[in-house]
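> Top line first, the protein sequences correspond to chains A and B. All the letters of the first sequence, read from the start, carry residue numbers 1 to 56 under my numbering. All the letters of the second sequence, read from the start, carry residue numbers 1 to 818 under my numbering.
Derived from the structure by calculation, the hints contain no laboratory data. Keep in mind that the hints are not guaranteed to be accurate.
As the list claims (entries may be wrong) - Think about it this way: if two alpha-carbon atoms lie no more than 30 Å apart in a straight line, the pair counts; the simulated DSBU-like pairs of lysine-lysine are:
#, chain 1, residue 1, chain 2, residue 2
1, B, 575, B, 637
2, B, 253, A, 27
3, B, 304, A, 27
4, A, 27, B, 330
5, B, 95, B, 355
6, B, 505, B, 257
7, B, 309, B, 143
8, A, 27, B, 355
9, B, 742, B, 23
10, B, 253, B, 330
11, B, 816, B, 701
12, B, 191, A, 27
13, B, 505, A, 27
14, B, 637, B, 384
15, A, 27, B, 309
16, B, 191, B, 253
17, A, 27, B, 654
18, B, 159, B, 143
19, B, 107, A, 27
20, B, 70, B, 43
21, B, 309, B, 355
22, B, 253, B, 512
23, B, 96, A, 27
What the hints assert, rightly or not - On the chain B side, residues computed to face chain A include the following (Cβ under 7 Å):
#, residue
24, 118
25, 141
26, 142
27, 194
28, 197
29, 230
30, 233
Treat the numbers as computed from the prediction; the structure is a model and nothing was measured. For every residue, glycine included, the Cβ atom is placed at its ideal position computed from N, Cα and C.
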Amino acid sequence: MEIIILLISISVVVAIVFLIAFLWAMKSGQYEDTYGPSVRMLFDDNIKKDENKTEK
Amino acid sequence: MQCIVLEFWNMQTTLPKKPVAEKTYCYHCGDECLFEPILVHEKNFCCEGCKTVYELLQDNGLCDYYELEKTPGLSLKQPKSSEAYEFLDEEVISKKLIDFTDGKTTKVTFYIPAIHCSSCLWLLENLPRLESSVISSRVNFVKKELTIAFQQDNVSLRKIVELLASIGYAPLITLEDEAKEQKKASSPNRKLYAQLGVAGFCFGNTMLLSFPEYLGFDGDEDYLKQFVGYLNFLLALPVVFYSAQDYFVSAFKSLRKKFVNIDVPISLGIAALFLRSTYEVFLGGEAGYFDSLAGLLFFLLIGKWFQSKSYDHLSFERNYTSYFPLAVLKWVDRATRNIPVSDIKKGDILLIRNKELIPADGILISPSASVDYSFVTGESDPVKRTQNDLLYAGGRQQGASIKVLIEKDVSQSYLTQLWNHSSFVKENEEQYQQLINVIARYFTIAVMALATGAFIFWWQQSPTLAVNAFTAVLIVACPCALALATPFTLGNAMVMMGKAGLYLKNTHIIEKMAIINRLVFDKTGTLTYAKDGEVMLGGRYSDDELQAIFSVTGHSTHPLSRKLHEHLSQRFAQKLSVDNFKEIENKGIEAAVNGKAYRIGSPSFCFEEARVSITEGNMVYLAIDGITRGHFSIRTKTRGGLKQVIQKLAASFKTTLLSGDRSTEQTLMKEVFPEETPMYFNQTPEMKLEYVATCQASAEKVMMLGDGLNDAGALQQADVGMAISEDVASFSPASDAILDAKSFERLPTFLLFARRARQIIFICFGVSFAYNIVGLSFAMTGMLTPLLAAILMPVSSISIVALSTVLVRLVAGRLKLT
């Protein structure tokens, strides 16, 4: 059963990696604007297309 | 929003009644078109401003703006003058605004209160397509900020701001140092997020690692138990020394002031949990309570996070500088220069243009001035001043530019002196005892007494048992559920109120609102509309005629002409050329436009012979080419449902009316308020403040409702200062709460809701005491096992959270707040 000590240690290390990822995400400001990115990704960046649209 | 009633006034000519037209709404801003809509591409626009924006976007292929959201635009009915942003050309000023520059590329961040939907975001981020020198633009939607990088050689800061203003997104520019610093400092929530993240991480892992202990180890697996114990200890370290930091600091601070707040028993509980668990793991060979410890902190921090939610984009801390223009024109060497308001010195000569604010007390050098002090007093009729008269800060010049010799510094002037008053210095939060802290004091004493009692009781049997019982009491009595009741109830209530149009500075305001017994109202802007009265157009006019009236009234400084002009400026932007303009005092004005003679003024002036003797209110008559065509009447307009609101409030609160202007509208107010209501007119800002202080001296809890700078002192002095604002994001004085003018009718409901919220807190306190009693009965008898603690702690916390949330939502639903 000694192997479980190794397994637990590994699992804790993995968890710590995720904790660090969270702290990094927070520091880099990803929680500052919680609305913008959700709509930004839906915007068309095709300029031609909406020129056609306005002409019709 | 103004309400305009079209009256069909047939005096001499019988006009055919126009069928009531269908309401049309502006394609750009969604406002109802008050006049004949302007048609472009089969789309209706309410004013020139909206049409211009549409055409600009159309030319640049940005009409997706209208596809993302319906009528996303902002009304541009009151366009800014072309000089409005002139000061941005001055390097001293622009330097303060810029975030970063390397000589070629400049980065600047603007606060734009108008950002409200995904269309706004889309348009602002497509700014490079409107102005090619803009390299990038990025919106922070939550903070309503726009960060722009642009090539400074090709385009000036002023041009950028003017472009933003021209499409309806005028940035709010302030040079206030505090605001700047606040903006630069990273969000205070970041630390809380990190603490919460760490606590959550440790909580999850400790729980998982503690499972085998609860399920039971086999006898020969002691090494595993030891290992798990040490690991839990390691995981508990960041929880206690990082996540719990603020509790220890706060408890220490309050104890030093000989005062017990809720953080004291919490810190005691955390310390007891940690020390006892450490002892058990290292010396006793037991598992300890580390999982309970991490769980406790996790829940507490969630509560804190919930309470810390606030309206970041609203400003509750404005001081007088945000009312003043950023820059003024200083007269130096026969020319003018823009200087920042803060640089004004005694002896400077300033040039104040039409509609500009006088920033400091000074002496008039020009022959005459017409100053509108509505900003200070609420009285909108301008006052005439002649050479060598003293002009007080806060007045607005009407008419031609004037020169003023400054007598006092900005901060020493009549208006700003208010800020030196003691009520702006005192720390309101310190004086106010939060409900939870009142309870915490007795709670801590009771817990310490019980713990000591248990210790003494068990001492004879066994010292170990005595220590166990002592620590167990401290652990189980840790007021986790108690501490969660307030943040969750008030946090939920604040969100509910925000949805209904009342924005609070922080959650404590609700507790204060619940114990208010006197309401003090300001009149102008609070109970009546701030800007202009209701303008009623009597008679029918063609578009050309209206435009002519607009042009003629633009030349007059008479208050009634001004109001009429402003009203019509919603429709017209271009003035027609006016000939033979004459203003006859006490009578009216006459002028010729397009060959037609216009006379606007008193009845005797407009009619060849006085046929009618209507003199009620503010009436302006109009004759074109000698034929009387109709009248305009301008009345002060009170807020919708004012009478009902006041009557509801007067039933449960004492009310007072304080007004800065003359008592001309006393009769109107007498109708609204109950008879015995004290009403004071001609109140200076200081007198208002004094009145609030007097009420407080007789042990009354005062809520002040005001709207502007002239109430600032009273708002600050009152237990709750509530500012009423037509445009919540952009303009309101320093206050505890900002009420959207649209939600004025809900005021009685908000106050009732605050009282209910307080009752809900009491219910939650009751429930959490019940949990504590159950826990204590185990602790006192020395039967508190780690498993029991690990179950009791989360169950009590979660049930309190659920209870308070459900109750608040239920009450809000009942009161129809949602």
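> Determine for every hint whether it applies to the structure shown.
Going down the list of hints, with the structure as the test:
{"no.": "1", "hint": "575(B) x 637(B)", "verdict": "holds, 28 Å"}
{"no.": "2", "hint": "253(B) x 27(A)", "verdict": "holds, 29 Å"}
{"no.": "3", "hint": "304(B) x 27(A)", "verdict": "holds, 20 Å"}
{"no.": "4", "hint": "27(A) x 330(B)", "verdict": "violated, 45 Å"}
{"no.": "5", "hint": "95(B) x 355(B)", "verdict": "holds, 26 Å"}
{"no.": "6", "hint": "505(B) x 257(B)", "verdict": "holds, 26 Å"}
{"no.": "7", "hint": "309(B) x 143(B)", "verdict": "holds, 13 Å"}
{"no.": "8", "hint": "27(A) x 355(B)", "verdict": "violated, 46 Å"}
{"no.": "9", "hint": "742(B) x 23(B)", "verdict": "holds, 21 Å"}
{"no.": "10", "hint": "253(B) x 330(B)", "verdict": "violated, 49 Å"}
{"no.": "11", "hint": "816(B) x 701(B)", "verdict": "holds, 26 Å"}
{"no.": "12", "hint": "191(B) x 27(A)", "verdict": "holds, 10 Å"}
{"no.": "13", "hint": "505(B) x 27(A)", "verdict": "holds, 26 Å"}
{"no.": "14", "hint": "637(B) x 384(B)", "verdict": "holds, 26 Å"}
{"no.": "15", "hint": "27(A) x 309(B)", "verdict": "holds, 19 Å"}
{"no.": "16", "hint": "191(B) x 253(B)", "verdict": "holds, 20 Å"}
{"no.": "17", "hint": "27(A) x 654(B)", "verdict": "violated, 50 Å"}
{"no.": "18", "hint": "159(B) x 143(B)", "verdict": "holds, 23 Å"}
{"no.": "19", "hint": "107(B) x 27(A)", "verdict": "holds, 21 Å"}
{"no.": "20", "hint": "70(B) x 43(B)", "verdict": "holds, 13 Å"}
{"no.": "21", "hint": "309(B) x 355(B)", "verdict": "violated, 39 Å"}
{"no.": "22", "hint": "253(B) x 512(B)", "verdict": "holds, 24 Å"}
{"no.": "23", "hint": "96(B) x 27(A)", "verdict": "holds, 26 Å"}
{"no.": "24", "hint": "118", "verdict": "holds, 4 Å"}
{"no.": "25", "hint": "141", "verdict": "holds, 4 Å"}
{"no.": "26", "hint": "142", "verdict": "holds, 5 Å"}
{"no.": "27", "hint": "194", "verdict": "holds, 6 Å"}
{"no.": "28", "hint": "197", "verdict": "holds, 5 Å"}
{"no.": "29", "hint": "230", "verdict": "violated, 11 Å"}
{"no.": "30", "hint": "233", "verdict": "violated, 13 Å"}
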